[in-house]
Amino acid sequence: MSETTAAVATGRHPIRALRRTFGGISAVGAKELRGRMRGRRAFVILTLYLLLLGGFAWMYELILAAQVGVGIGGSAAYASALIGQEIFGGLLMLITLLVVFLAPAFTAGAISLEREKQTLDMLVTTPISSLAIVIGKLLSALTYVFILIGASIPITAVVFVFGGVAPDDVIRGYIVLIATALGLGAFGLFCSSIVKRTQAATVVTVFGVLAMTLGSIFILYFWNVMASLSAGGLQGIGPIKGKAPEVIAYLNPFLAQADIICGTQTTYGAWCDRYAQIMGGQSGIIFTDNSGVSSGSGVAVPGVAVPVPAPGFAVGSDTTGGGFAVAPAPVTAFGVSRDAFWPKTVIAWLVAAVAMIALSIQLVSPTRRWRPHRPGRRRKDAAP
Amino acid sequence: MSAIVRTDGLVKRYDGTLAVAGIDLAVEPGEIFGLVGPNGAGKTTTMRILATLLRPSSGDAEIAGWSVTRNPDEVRRVLGFMPDVFGVYDDMKVWEYLDFFARCYGIPPAGRRRMIGDLLELVDLADKREAYVQTLSRGMQQRLCLAHALVHDPQILLLDEPASGLDPRARVELRELLRELRSLGKTILISSHILPELEELCTSVAIVDRGQVLAQGRVADIERRLRFGAVLRVRVLADDEGLDAAVAHFEADPDVASAMRLEDDTIELAFRGDDAAAARLLAAAVSDGLRIVTFARAASDLEELFLQVTATDREPVLLA
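Chains as they are written, first to last, in our numbering: chain A, 1 to 384; chain B, 1 to 320.
This is chain A alone, in the form it adopts within the complex (with noise of 0.2 Å):
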């Protein structure tokens, strides 16, 4: 055994380093993907999961068929166009849905498993590093996940049929929900390595996740009613002036979704309508009542849309002409002139994630806590 613990030696090369590191995610990872697809269990989930999307879209290709076909007339490709877009945003909500509370639940025991088990004391004292420790684990969760991201794009794909979604559509939504996955995967196992219970950790990640997702909405929401309280002809005189930060709707894909699903919609449809009246001016479009800019032309109105309106800051009405005003702002491939919101959500995600594992790696190591590694060099202890 002698010329193994040789070949082991230890090295501070770069190189050898990294193979070190790859090897510890990869040995990390194998026995974490060893036990999740061990027995029934996994092939058993990803079948539901792909049964009730399927059931999902085709009942809701069957509400829409009914409702598009009798409501609104026009030429039968627009009514399949519609109908595509629906399908697109129900599935891809539904997706969401289903990524926004799978990817923290794998994640979530992740550590404090290992500490329930006892094992974590076991695995820290070999020279695995505390990264691969904390990689291995959230791509061997990930892993999964991804797999069932990856079953539902055939599914999603359906939406071809119908018309009015573009693969770029597609593919951003896809986008979204990946870097979500990873996002909400890295924050399940920050709280996993900060919480010491793994039931603890599960309910703090589900009411994180909440609070970033239902949370979210519910304060821009708030902010922009307040906000835009109006009486006699004048807006902005509630309680709260100018428009909610963006960065409140950052880590919330649902909104990005949405955003990417109203970038589908030629004409103005219920996505946007949906998303604009919780982001308020964000979007992009602002939708004021009659007696507040009847005219179209600029609002004068403190802290709605002066004196800073957001790049691509509108103004419209929706019940007057049917049309709104869109300020300069990009011109995108499908009509709709906005400034995209889906790529701050995909940034942010992964700026949390990078973040979070780095903490959460951190958690994990023993001695290390707080301070880069320098080999060579003792920290300053802080003795109570």
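Taking lysine-lysine pairs in the DSS-like style, the calculated list, with each CA pair at most 25 Å apart, reads:
id, chain 1, residue 1, chain 2, residue 2
1, B, Lys128, A, Lys117
2, A, Lys196, A, Lys117
3, B, Lys93, A, Lys117
4, B, Lys93, B, Lys128
The set of hints was computed from the structure by calculation and includes no laboratory data.
Fit chain B to the known structure of chain A by using the hints.
Chain B alone, transformed into the frame defined by chain A:
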């Protein structure tokens, strides 16, 4: 010979309480070194510092020349650690368990397969290779955990309470296994509050209480140096009156601090003298006509030693 494990003024504070208050240990290569002390003495804290799981508040420890604070990675490579409480992963087979840890140590695939076979042979689990880890008995899990600490062929083994929760047979098997490992040239550091299991096994011990080393060295050396005396148990063949007379006889001896008749009619003597004095005491008793059936030291020497060392000007220490 230079020490392979050395601690130097090791101190660990937890929120103001001192768990380890300046422990200096020196373990030479090839030894089986016992860390003995009551619960809460600081054994596990010391072990965890040596295993790089805890950072000492002050002081340092060196393992095979590497500092546990400055070179934890190097220490982890020369050290096999078995914690006092440990769990096993669910949904994992015995060979996968060892394979996982071997991968963590970066052992190439070619060496892993053979090494796992050898190790399972060593800890007598070869027929459990394909069994799920959670189905093993406690003793088997303990042996598997020991095997996990050996996957990288470390020079030094740290075993924290390895025999706790084992039945007597498993304990004997563990002892045999540790002897075998010693014969393979490994230095073994073992902690326990169950003394008899260490007494037969260890070449040296350190007695620890309240975060400090009270005595350290070879068992016989410590005994000779401290010379604490012993408890002697004597069985005398006599009737009720005769026994009382025997107690009075022993109490008269200058080396006997006290003599007491126990419920099973044996007489217990708190004895201050050395072996020569004990021989003289026995000879005197026999020549006085006492019909002595047995005459022996009561507890195991180490246990006795331990009780005395840890009880000096303190409350008596109860051993679990």
